[in-house]
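K.L.:
Counting from 1, position 3 in the sequence shown corresponds to residue 3 in the UniProt record's numbering; the numbering is continuous, with no gaps.
Warning: the hint list may mix true and false statements.
[Unchecked claim] Derived lysine-lysine pairs resembling DSSO-like cross-links, with alpha carbons at most 27 Å apart:
1. K74 <-> K119
2. K74 <-> K33
3. K174 <-> K78
Please keep in mind that the hints were generated in silico from the structure rather than gathered at the bench.
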Amino acid sequence: MFAAVLSAPILGRIQSTGSACMKKTVVKQASLKSLAASALQAWESETGWKAIRALQMLGSPDNLAMARRFAASKNAHKRALAMYIASQLRRERYSKVRGTQSDEYAVEETQALLLTGLKDPVTNVVTAAISGFCHRPHPSALPALLAFATHADADIRFQVAAALARYHEDASVKALLMLATDPDDDTRDWATFALGSMHEADTAEIRERLWQNHGDSNDSVSGEALAGLASRKDERVIAVLLERLDEDCMVFELEAAQMMAHPLLLA
1 MFAAVLSAPI
11 LGRIQSTGSA
21 CMKKTVVKQA
31 SLKSLAASAL
41 QAWESETGWK
51 AIRALQMLGS
61 PDNLAMARRF
71 AASKNAHKRA
81 LAMYIASQLR
91 RERYSKVRGT
101 QSDEYAVEET
111 QALLLTGLKD
121 PVTNVVTAAI
131 SGFCHRPHPS
141 ALPALLAFAT
151 HADADIRFQV
161 AAALARYHED
171 ASVKALLMLA
181 TDPDDDTRDW
191 ATFALGSMHE
201 ADTAEIRERL
211 WQNHGDSNDS
221 VSGEALAGLA
231 SRKDERVIAV
241 LLERLDEDCM
251 VFELEAAQMM
261 AHPLLLA
């Protein structure tokens, strides 16, 4: 009855707008399926990761629903993909002042998915789930993260070190102190960074671990340890920086010198 009193041009515009919205929805759904297929077919390749990063920026009810379906799949790669989507799902928005930005999307819903992934029997799915808590920490995940800190798989220990940077409980610090001695360079690096720069706790035990790691054979581990000591104004850093500050020094040394702001280092 309402449509009967509308002029033809107005009714046509409404119908056209409705068709455009339907077309946009269909295209978006096709894009999600295409990206998911690309991620699965090129698993762990640069093409696959590119598709995953694109999916992470397409926060929408359809994408969330797809992630939920994949999380319940018998296919382990699909379950892992669900975890990667959930780990950083965002929605882009445009501002004339700031350009394109993005906001976290469906945080509670994606955290719930990540928590289920921690119980998965397949290592790759667990690894993907743990990675999400680096971006979307949830208190209920901490016990599992602490348990995984001693896992035999280095990838899992690495992701735990990264995730625990967002947890400041004493138990998290204790686990990071252990991971900062890990045989895997990347795990040791992230744990040292987490202790030194992401955590504000300043204890003798933390300082001693950072001091030990400043002599690490891995340059990044050594640099992160120096930065952590400098942020705590540990004067032992001064002598180390006087030896290292030259035209070939790394950015870690420069940042540490700035944080110390000691006359000997600024001369």
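K.L.:
All hints, please: hold or fail.
P.N.:
So, going through the hints one by one against the coordinates:
At roughly 14 Å between alpha-carbon atoms, K74 and K119 fall within 27 Å of each other, so this suggested pair holds. Taking the CA atoms of K74 and K33, the gap is about 18 Å. The hint holds against a cut of 27 Å. A threshold of 27 Å between alpha carbons decides the hint, and for K174 with K78 the separation of about 34 Å lies outside it, so the pair is violated.
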